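Visitor: Chain by chain, the residues run as shown.
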Amino acid sequence: MMSERTTTDLRTLHHSALLYATPGEFADVAGQYVERARGAGEVPVVIAGGEATEALFDRLGTAGTEGVEFIDAAAWFTGPIEALGAFHEHARNDWWPRGPVRLLAEPVWTGRADRDVREWLRHEAVLNVVLAGTPTRLLCAYATSTLPTTLLRDAARTHPLLTDAGGTRDSPGYVEPARFSAECDAEPLVPPPLTAARKVFASGSLPMLREFLAYQALRHGLRDSYGFVLAVNEVATHVIREGGGHGAVWLWREGAELVCDVTDPNASPRDPFLGYFPPHAHRHAESRMWAVRRLCTLVEIRATRPGTRTRLRVRVP
Amino acid sequence: MAAARRGDRPVGAVRLGEHLCLGFGSEEERRAVVGRFVADGLDAGHKVVYLAQDDEPGAVLDALGGDALRRAEENGQFVVRPIVRAYVATDRFDPAETAALLGTEVDLATLQGYGGVRLTGDTAFSLLGWPNEQDGPGGVCRTAFAAPGERAVVLCPYDRRWFTDEQMTILRAGHDAAVRADDLYADRVLRISPTFTPPGLALTGAVDESTLPAVLDALARYAGRPGHFCLDLSGLEFCDLDGLRALLGAGEAGTRPDRQVVLRGLPEPLRAMARLAGWDTIGTALREEPAR
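Sequences listed follow chains A and B, in order.
Sequential numbering from 1 applies to the first sequence in my numbering.
Sequential numbering from 318 applies to the second sequence in my numbering.
Hints were generated in silico from the structure; no laboratory data involved.
Any given hint could be a false lead.
Stated by the list, open to error - Over the 10 Å line for every Cβ pair with chain A, so calculated as not near, a few chain B residues: (1) 360; (2) 379; (3) 420; (4) 493; (5) 506; (6) 527; (7) 557; (8) 559; (9) 582; (10) 594; (11) 596.
Unchecked claim - Interface residues of chain B toward chain A, partial, derived using beta-carbon atoms under 7 Å: (12) 511; (13) 525; (14) 526; (15) 530; (16) 558; (17) 593.
A quick note: this is a predicted structure, and the numbers were derived from the prediction, not measured.
Using N, Cα and C, we set each Cβ at its ideal position, and we do this for glycine too.
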């Protein structure tokens, strides 16, 4: 019988990595995990790919999967902030009112660029902070047979718990989320290409900046640029109000994405989780960065010498 | 019903030599615009002639209010003339005679040393003869005041609740320009204008880092007013998150039990932003759903 670690500290998130070698092992452990929801009065949710979902169906049968909400992983894990936003919307409106959430997730790794893998790992680390204290239990499945060793090592570093057929135990390699996030930031941003369009801004010049952004966005194929312009405008506003008072933007196209750098001559105080917490009515800076992150596919904030560089990416449909 | 239009001139920007109209939708709007026209005239050293329905200046002074106006009435800079005398001294309206009367007022004011004459009044003066005029409403005004001369400016108020949009268009066309209340704020980025039906503010342009202080200032000025209050946002092309937060929270400062702030015409991208920022529930302002 698998034992489950019971945490007495409600502020620690029950967030475990299931490192499985075979589909059978996955079905055993994940099946048990989902089954436990029934007796505990929890809300079982499975966000997984087709194969994993099928394996669970085979193991649990029609009766065993009754009341279990299945969500397609590919549709869910589109971007870290999108996924986090979707989680909060579902949890607040539907799951938490019915009981604690027991979530089984199979993150998507195949076909991801290095940068995206890094951000999804950061996402795993951030969850420990953002969801701490909420009635949430997470089990994230990692296939040891197909995923690279470095990724598996980072899974153990971003999950405070590890689960296998033998049970759940503390993850010895777990590192503090802030430290993991700082490691993610150690990789420098590639400088903008020489062809990037550039414009400086300061107080009073944001109308011109927005005109420039909308024009450049259109030139790069982004027709509905309201969200993009808004996001850059917010970062620029932050630079004017809280940062060095003036800055510059660089804008270019990279594959299917429009990329925009916003520089601030001042180093902003670094809160590694800024914009990851869902907005709270009276925390302005958080609401702003949350919205900015939601408006973009990826937002990277890096300390530069001197100052701060914020890189925003949006998809060009 | 057509309210103030974008092309309309703020009443603070009128010049001598013009024949202007105001289509007002409420007595409060008439008082605000005519009151400003009169006050600006007094400040500029013009003589102000007010054509009133009654012979009694007290009613006019009460309606427009202000100590400066009372002092001006006492020293003769502000004069109230009954419409009846101005128009129909001979029991029959004669445009030529009325024009001549205006000319006399101007000559007199010039002799008295005033730099110009401002003529306005109760709505009845510009409507005399309607609806019996052959060429639509405002014919009197067109014939009597169309050319006030270099030293006079005429403002004709029309109660637009009496007219169709088409008639209002004809009325406007009979004047050099239509005027509206002065903006609370206007620069190349944002314009904040008062509205009267319903009472409130209309925002046109963009709310951002540079124009937010003007928005906060305007909201604060209106915060203590009694009664419901409408923020018309249909002309808002851009609004950043701080601005959106301020608009959603409008009415929280100085909230009164008898007061509801209504956000009208919140553009769809801003609605989406409010959802993204998690602000579906902040603020006490009532968000009108767009008509479908």
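Visitor: State for each hint whether it applies.
Guide: Now for the hints, and whether the structure bears them out:
The beta carbon of residue 360/B is kept farther than 10 Å from every beta carbon of chain A, the shortest such distance being approximately 31 Å. Under the 10 Å C-beta cut-off, the non-interface status given to residue 379/B relative to chain A holds; the minimum distance is some 44 Å. Look at residue 420/B: its CB is around 48 Å from the nearest CB on chain A, clear of 10 Å, so calling it non-interface holds up. The non-interface label for residue 493/B is consistent with chain A: the shortest C-beta to C-beta separation is roughly 32 Å, beyond 10 Å.
Residue 506/B, annotated as away from the interface, has a beta carbon of chain A within 10 Å; the closest lies near 5 Å. At the 10 Å boundary, the C-beta of residue 527/B falls inside the reach of chain A, the nearest C-beta of that chain being 5 Å off. Non-interface call for residue 557/B relative to chain A: violated, since the shortest CB-CB distance, roughly 6 Å, does not exceed 10 Å. A beta-carbon of chain A is positioned within 10 Å of the beta-carbon of residue 559/B; the least distance is around 7 Å.
Listed as a non-interface residue, residue 582/B keeps its Cβ farther than 10 Å from every Cβ of chain A; the least gap is roughly 17 Å. Against the 10 Å criterion, residue 594/B falls within the reach of chain A, whose nearest CB is about 4 Å from its own CB. Once the 10 Å rule is applied to beta carbons, residue 596/B is inconsistent with being away from chain A; the minimum gap is 7 Å. Interface hint status for residue 511/B: violated, as the beta-carbon distance to the closest one in chain A is roughly 24 Å, over 7 Å.
At about 5 Å, the closest approach between the beta carbon of residue 525/B and any beta carbon in chain A falls short of 7 Å, and the interface hint on this residue holds. A least Cβ separation of about 5 Å between residue 526/B and chain A falls short of the 7 Å threshold, and the interface hint therefore holds. A hinted interface residue such as residue 530/B counts as satisfied when its beta carbon comes closer than 7 Å to some beta carbon of chain A; here the least separation is about 11 Å, so the hint is violated. A least Cβ separation of about 5 Å between residue 558/B and chain A falls short of the 7 Å threshold, and the interface hint therefore holds.
Satisfaction of the interface hint for residue 593/B is found here, the shortest Cβ-Cβ separation to chain A being roughly 5 Å, below the 7 Å cut-off.
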